[in-house]
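Engineer: The listed protein sequences derive, respectively, from chains A and B. Under this note's numbering, think of the first position of the first sequence as 3, with each following residue one higher. Under this note's numbering, think of the first position of the second sequence as 14, with each following residue one higher.
Rather than coming from a laboratory, the hints here were simulated on the basis of the structure. Honestly, I wouldn't trust all of these hints.
Claimed, not checked - Residues on chain A that point at chain B, a partial pick, calculated with CB under 10 angstroms:
1) 24
2) 26
3) 28
4) 53
5) 56
6) 59
7) 60
Glycine included, C-beta positions come from ideal geometry on N, C-alpha and C.
One-letter residues, chain by chain:
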Amino acid sequence: MTCIGPVTRAGCEALCPSFGHACFGCRGLVSEPNRDSEAQLLQAHGLTPEEVAGRFDIYTHGGYPERKGVAA
Amino acid sequence: MSGVNVRVEVEHLTRVEGHGNIVLDVKNGEIKKLEWTVVEAPRLFEAMLRGHRWDEIHHIACRICGICSVSHTCASLRATEAAMDIPISDQTLKLRRLIFHGEMIQSHVLHVYLLAAPDLLGVGSVFPLIQTHREVVLRAMRMKKLANDISHVIGGRHVHPVALIPGGFSALPKREALEDLRERLEACKADVEATVDLVKTLKLPDFERETEYISLRMPEEYAFYEGLIYSSDAGPAPVEHYREVTNEFVVPHSTAKHARWHRNSYMVGALARVNNNYGMLRPEAKAAAEALGLRTPCFNPFMNNVAQVVEAAHCVYDAIEILDELLQEGLRQEAFKVAPRAGRGVGVVEAPRGILFHEYEYGDDGRIVRANCIIPTNQNHESIEDDFRALAPKILDRPQDEIRHTLEMLVRAYDPCISCSTHYLDVTFI
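Extracted from the complex, chain A is given alone in its bound form (with noise of 0.2 angstroms):
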């Protein structure tokens, strides 16, 4: 499952991807998210860079540096 869950706040006790969902990020970003690593994560499984910017634009919107520009 390819989600953004390892740069999103906790306490949600990871819900969705307990019940086979990947993670929107709908707590919002942890204070310091290291968002480049996260990306190359996503990217080494399989994701476009368009896909990735996806994940972070639902609840998280601007929160992907390499947003900017990319086609909704």
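Assemble the complex: chain A is given as a structure, and chain B must be docked to it using the hints.
Structural biologist: This is chain B only, laid out in the frame that chain A set:
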């Protein structure tokens, strides 16, 4: 009522979801102004959906409402599934109907006990009732918890379920969890009975205004999750024609759109459903209706509270039946794969507050090009004002406080979900 001056300004009305005002201005016995005004900012959800993928849309759309998130999830999934011709299994249908019943019980219990009952018991909120009617409050909480737990077991979360996805479920509930729900629903039958006994003792205002009632309808089942649009004036209509049914329009004093079809307004919600589909209710729910003096067709909007109790009874018994079927058949992991494609689809369900429409248009890449959501409360705003116009002249001789309270109770009877309904943005380009 010549010579009467009345000024009612309720800003904002309490014990409803969201922010709305009541304005009544009477000079010399003549009603100068009588409005139900929604003052919240529009939320522009349809614009937020644009560009997003088919498999994440329902997660965003369900955030429209925290009370009826299951309804929005299901309307959204059904629109996506209609657009892409995605089939669902019998097991998925049963699980969705079950989680739907959970939401219906949760929402109706919330409204009847926590929002409407304080009016009828003569207090300002549920909190004084903890002292005076402890058993009642505990029962309400017990019923609400059970209903929320149904959502948690089936959908993975008490609100905004995660396990419901286009084509089926991403994870299935455990057998023991279903057995536990079964047991607690069985115990809930006594709470339903006690609820009927309580509501029987409450006196609702005596007021009638016949109107058009719109809901879903199915031939052999009380329709919540699917069906055809049905109007008490005009009969059935296909769901694809929903725009011809709703005819949304804007009014200057409200940020929420209004709707009308054959008359100046129509009513949706529990009373509309019971009026249109009484024959399909379970016998236990019909017994509750009889005990509560609800005879259809019923034209008293205050009886929407009673219709909600009747539906809650229906849902408890029907949920037990669905659980029995699921437990007997046993849940199986089902393999399904969705191939996203371009298309257009309408998803219609009955949310607790009435008929709910989602329509999506997808591009080739499986992303939303255009979305439209029409929320039940939108469809009720004009009906609330028509009731105001019929009711106010009859009660102008009463003390001002009583006039205000009666109008408040009328709006509350509709159980409006105002935030969901704010849609309209008046943009002036310069």
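Engineer: Each hint needs a verdict: does it hold in this structure or not?
Structural biologist: Going through the hints against the structure:
1. 24: holds (9 angstroms)
2. 26: The hint holds - residue 26 of chain A has a Cβ within 10 angstroms of chain B, the shortest such distance being about 6 angstroms.
3. 28: holds (9 angstroms)
4. 53: Because about 9 angstroms separates residue 53 of chain A from the closest Cβ in chain B, which is inside the 10 angstroms limit, the hint holds.
5. 56: holds (7 angstroms)
6. 59: For residue 59 of chain A, the interface hint holds, since the closest Cβ of chain B sits about 8 angstroms away, which is under 10 angstroms.
7. 60: holds (6 angstroms)
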